[in-house]
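Protein sequence lines, in the order shown, are assigned to chains A, B, C and D. Take the first sequence: its position 81, counting from 1, is numbered 170 in our numbering, and each next residue is one higher. Take the second sequence: its position 193, counting from 1, is numbered 282 in our numbering, and each next residue is one higher. Take the third sequence: its position 127, counting from 1, is numbered 216 in our numbering, and each next residue is one higher. Take the fourth sequence: its position 108, counting from 1, is numbered 197 in our numbering, and each next residue is one higher.
By construction, these hints were calculated from the structure, which means they are not laboratory data. Check each hint, because a few of them may be wrong.
Which copy is meant is left open, so a pair is good if it fits within one copy or across any two.
[To be verified] Below, in silico cross-link-like pairs of lysine-lysine (DSS-like), each with a Cα-Cα straight-line distance of 30 Å or less:
#1 Lys402 to Lys277
#2 Lys440 to Lys222
#3 Lys402 to Lys440
#4 Lys277 to Lys440
#5 Lys402 to Lys367
#6 Lys222 to Lys286
#7 Lys367 to Lys440
#8 Lys277 to Lys367
Fair warning: this is a prediction, and the values are worked out from it, not measured in the lab.
There are 4 protein chains.
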Amino acid sequence: MALTDFCMASRRFRLGMVGGGQGAFFGAVHRRAAAMTHRFEFVAGALSSDPTRALESADALYLGRDRSYTDFAAMAAAEAGRDDGIDLVAVVTPNHIHAPASLAFLASGISVMCDKPLTATLPEALEVEQAAKAGTALFGVSYTNAGFDMVREARAVVESGAIGEIRLVRVEFPQEWLASATEAEGNKQAEWRTDPKRSGAGSLGDIGTHAFHLAEFISGLQCVMVSAEVDSFVPGRQVDDNVSVQLRFENGAKGSLWASQVAIGKTNGLRIEIYGDKASLGWGVADANVLHFCPLGGQRIIIDRASHGTVVKGHMPPGHPQGFVEALSQLYADMADQLEARLTGVAAPSKSLLLPGIDAGVRGMRFIDATLRSGSAEGRWITL
Amino acid sequence: MALTDFCMASRRFRLGMVGGGQGAFFGAVHRRAAAMTHRFEFVAGALSSDPTRALESADALYLGRDRSYTDFAAMAAAEAGRDDGIDLVAVVTPNHIHAPASLAFLASGISVMCDKPLTATLPEALEVEQAAKAGTALFGVSYTNAGFDMVREARAVVESGAIGEIRLVRVEFPQEWLASATEAEGNKQAEWRTDPKRSGAGSLGDIGTHAFHLAEFISGLQCVMVSAEVDSFVPGRQVDDNVSVQLRFENGAKGSLWASQVAIGKTNGLRIEIYGDKASLGWGVADANVLHFCPLGGQRIIIDRASHGTVVKGHMPPGHPQGFVEALSQLYADMADQLEARLTGVAAPSKSLLLPGIDAGVRGMRFIDATLRSGSAEGRWITL
Amino acid sequence: MALTDFCMASRRFRLGMVGGGQGAFFGAVHRRAAAMTHRFEFVAGALSSDPTRALESADALYLGRDRSYTDFAAMAAAEAGRDDGIDLVAVVTPNHIHAPASLAFLASGISVMCDKPLTATLPEALEVEQAAKAGTALFGVSYTNAGFDMVREARAVVESGAIGEIRLVRVEFPQEWLASATEAEGNKQAEWRTDPKRSGAGSLGDIGTHAFHLAEFISGLQCVMVSAEVDSFVPGRQVDDNVSVQLRFENGAKGSLWASQVAIGKTNGLRIEIYGDKASLGWGVADANVLHFCPLGGQRIIIDRASHGTVVKGHMPPGHPQGFVEALSQLYADMADQLEARLTGVAAPSKSLLLPGIDAGVRGMRFIDATLRSGSAEGRWITL
Amino acid sequence: MALTDFCMASRRFRLGMVGGGQGAFFGAVHRRAAAMTHRFEFVAGALSSDPTRALESADALYLGRDRSYTDFAAMAAAEAGRDDGIDLVAVVTPNHIHAPASLAFLASGISVMCDKPLTATLPEALEVEQAAKAGTALFGVSYTNAGFDMVREARAVVESGAIGEIRLVRVEFPQEWLASATEAEGNKQAEWRTDPKRSGAGSLGDIGTHAFHLAEFISGLQCVMVSAEVDSFVPGRQVDDNVSVQLRFENGAKGSLWASQVAIGKTNGLRIEIYGDKASLGWGVADANVLHFCPLGGQRIIIDRASHGTVVKGHMPPGHPQGFVEALSQLYADMADQLEARLTGVAAPSKSLLLPGIDAGVRGMRFIDATLRSGSAEGRWITL
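Isolated chain A, as found in the complex (with noise of 0.2 Å):
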């Protein structure tokens, strides 16, 4: 029980935020992650594009009227002006704005931790790149699973070669939650998400990427090549709601990924199984606490989250478990260090480096680029 602590380390940086106001979702999780860290302090946010609910949010929030921005693009500039300016900005909008709002960050030196999907469209995600390329500023992408202990150790053990050759990746991500119309009901997190113009995709940019960054991150391995059928089963939608895609790796190793928001009865079902010619192993987030294992000629294994002879040191000892929010603190916690190697010069600890960045964001683009392609061509093999 050799727990690390991350609160107990290095220096505090200013965040800022971009969406996340009154009524949407994922930025108040943004927000708790980066606050146990202990390592951020939230102090500036252009939080929604309605003035009125952005300066209410930003009050219920504590933070300063003089921080608070209707406009990224405003906040961008001001912020780059300030001594106390932000060190980082959580770009957690509808997809159609992070390519906007994280260039204007990324021109003004500020680092950013951009949701996913990238973009919304592949060529807004390789203009991000080229922006994130050229500058200083750090730039990661929150595929919050990549945060989890038992991901990290998954990937670990695949690196060991403890599971031999990959032969094949299969990973899933069914939900339940659109499986009517959902969207015409008011339901503002399926409004947006179902428009084509703000999302780019449906489910595969909502939990395909997800999945895929998942398949590439654990086993290592780039996915070259991409089958597909892409549906949208509820009457009216104007995006997928449904994917099924056949996969080739680089090694010649295949795999398979299904991602759906019609699937009843599944409330947030990523999982992800690997089979290599010495061993297996699987990871699903609904027991996101253990790594099943099991090598050839042997029997199965559950490994606990900290437990012996892991070799991911959580903050917790095995059994307390490990949940969303905590998952999405990691990657802070990975940024933050990377914000302090960069001030001090001194290297940043490896398992930083986990957190996913640029390269991961357009992979992520290029998969929903090649499977649209795909499935618009009756499951043509497309080459990402």
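Once you have looked at the hints, place chains B, C and D on chain A.
Using the frame of chain A, we list chains B, C and D on its own:
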């Protein structure tokens, strides 16, 4: 707890067997399954093509010397000529013998319970189909999973309309036992199953047909097209050991099927999930005594075999697990019901018609054929 | 996958039955279990004390009219006098008939497979014990759970020393079927089980004895003292429907046993956990095909039936579930092995000695007796 | 998906801490939990009784030098005298410090969040109770599990009458971490927990009190008597490491409680089941995001956190797991609500009253005391 008792009913029939001698696996399961119905006496067999083994096996199983044959053709002729000849023969040989043996007994007017896949090739299957439909002998195919109470319950739930219009059918059957070159290590079961001359196909025939039958049996839908990835991961293997198939159904539903014999950690992981627009259901052989059900906007429900409100009446109270042999015995009980109905002219109980017959056998072969063709053509969609 | 085949061996024996006619539950399970061993022919019965029902039941089960009796005493006498008389009788009546029926057959030199609890009262049990030990007839008690492969595997794990010195034995058997006054609603099974004259005890006899036997069978330890709470929650019920017992074992280990028939949501929740100073193990009937094992300082392991390294060799490959009837058939196979050994003078296979015998039957009655006495004395510790 | 957002509300309070310096475990969890509510600023601490460690810890946590103390008495006095003094102190020391520290802050009018068990001895607990009830400072006890959404949902289900009259309350809390003599191997957490002078009791105080609180919290019933087996299995250990307790409740319900720190394979297995005459429910920390519910004559239902029809409104959509830190943060949010209510004179939201208070703390100490006395008297029933 209103239990049915298939031990108390009807008359008994005489059973013979082709294959299933010493060293075989599934023949003994068939014998046990038939015995526990109390409606079949095992009296004759061509248990092995090796005369010594055939005779030793017959002795060990209390067959009369005059009822032990080394040749299925001789057996069919002799049994057809006896007053106390067999009513039913179980064909439990390697796949390439299924067709000639079935044809011999059908030609003699003897009913057949044939192991799956129906044959080694589609043309053989069509020949058996013609013979079966031409005569009055009955024909069953031992898709064992169709005998589990909760599989039949699942089918009844779909038929009741409770899940609404089906959108998705997802089925998988992973196994681990061929994850390395088991066939090179003297495993007799592995040898013939990986020999294309004797098996016709690998994982596709051995377990893919089980998965495919289950999908059509529970959903009540016919699959009309497939697009497939067909792989052989173990070096030197001459048949497929992993197949991943996209499915399209007659009503516009989509689906996927995965069969693998290289999935380390999975002993026998058959599992199906069906999603409609009103509810979903799920079942798997590893937890065969429960059915998962979830209505739209409701909670997940675990339905125990034989519990409150189930429509399938089992032979034991809820919580007393039904095993694999018991599932197969249900198919023999169904066959006995049908044999008796033919004899008496009284209609067989409708539930006995759930016994998979020649049509289900041929469907399986069409699935194998289409999948292999798609796999050879970069996943082109092939119509069954 | 080295499978044994208890179908191919040895000679067959003749089986009779007392009880188990139309409307009974467990008699049919016994007949199926015996039949699937291929080593018993069911030829005689006193299936009901109601003459009409007895005859109808016998006809439906193909018994000869001369082998159908309405009286177990007459049956014992007649069968003992026939050259083709039965070798074994299954006693599957309400508990109060166990002793007189067993005594009649033992007196006639006919071996007995008696359902549990051994008798309705401890004095009866001691009388049967004396008779069983005086003669040469064999005596088995159908503690069915002792027939599950993974229960035997668990016992073997303990015997191997892998869990070290046992510290704790925790066993529970909750059921829901008597959570309301089922006995007042015409349920025949409930009626006699809640009638103290016919059952002797309630949940304690019906399922508590199963739990107690499992604890001693797997642990290899004898329980020496009990302290109990004995309750009857359903108004008007004349027997216990919930017992919670503290256990002390001969080696200083402690334990607990819970049996309940008012546990809504539990169909048949027998489960045991044993903790040693080196490892722990767990097994439950709801997931009967796996054994949970965890070494000190290690990870949790799920051992599949018949998988790599298991010592109990089953009749099917791993992943093909073993059901309740198959578990009971194991006890009949054991009995057949012992009958054959007695006949041939060759020692029975050691595994056949796992069949629970008269000692296990008497232990169960001592447990009932001591628990009821402690329950009446504010939980005073009572020595078995 | 109507989510509440405890980030957007109310005013902030100042938090101090006693204990929780470098090398401690639970202090950091408290700090993260408080931080993620956005309603507490951590500004002062007596983090260690070792002056160097206290100062280093304070620096690492950004406390001002003037707010770092080595002595809780000095801290209470100083903070009470400041305009910007703390509103709340978290007491997260070994148990024997709980009473003197709590008393010091209560005497200064500063509210307290005290870790469980309330104190090391019952007399100390009564002294703290008297002080807490005499003043206006608030008092919370961090029974963390009471902060899980599904624990509160369970309590609401009981309150609704859905399970009817409670018959049985069964709770267990097995852990493995003291299965060998960990305290002799330099584990600081193990050292003080197995030192009777610092802990008061072993597994009983450390986790038994959690289990006991959960039983009373969800059932709404008070336990009136206990009969216990209290054991210490590890040679040389000076406190109990395994307790098995029979419980009697005020309404006649019966129960059992098992707490163990020698249960190999159980990292943190708190689990409770409650059986009424209309339904049952179950919850466990290993699967903290679901509640099991089963009505009489119905099917087993798995209720997901925040899903359709649940009464507890969480902070995230269903399927996004709530972790241990989030559960504790709920208690801090409750405390903030109560602090604000006291300040404003507006009644606190009723849900904030679920925060366990001084009464729950004292109940836990009465339970420890009665259990130890019963354990020393051969399980004699002791009234709490």
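Discussion item. Cα distance capped at 30 Å. Does Lys440 pair with Lys222 within a copy, between copies, both, or neither?
Written reply: Within one copy only: 21 Å inside, 49 Å across.
Practice prompt. Up to 30 Å between alpha-carbons, please classify Lys277 paired with Lys367: within, between, both or neither.
Written response: between (47 Å within a copy, 23 Å between copies)
Item to complete: Have a look at Lys222 and Lys286 and pick one of within, between, both or neither, based on CA distance no larger than 30 Å.
Response: Only inside one copy: Lys222 and Lys286 sit 27 Å apart there, 57 Å across copies, limit 30 Å.
Fill in: Identical-chain pair category, Lys402 with Lys440, by Cα at 30 Å
within (11 Å within a copy, 35 Å between copies)
Worksheet item: Between copies, within a copy, both or neither: which fits Lys402 and Lys367 at Cα up to 30 Å?
Response: The answer is both: 25 Å in one copy and 25 Å across copies each meet 30 Å.
Practice prompt. Go through the copies and call it for Lys367 and Lys440: within, between, both or neither, with a Cα cutoff of 30 Å.
Written response: Within. Shortest intra-copy distance 26 Å satisfies the 30 Å Cα cut-off; inter-copy 35 Å does not.
Worksheet entry | Copy assignment of Lys277 with Lys440, given that the CA separation must stay at most 30 Å | Between. Shortest inter-copy distance 27 Å satisfies the 30 Å Cα cut-off; intra-copy 36 Å does not.
Practice prompt. Evaluate Lys402 and Lys277 at a C-alpha cut-off of 30 Å and name the case that applies: within, between, both or neither.
Written response: between (38 Å within a copy, 18 Å between copies)
Consistency note: the structure conflicts with none of the earlier hints.
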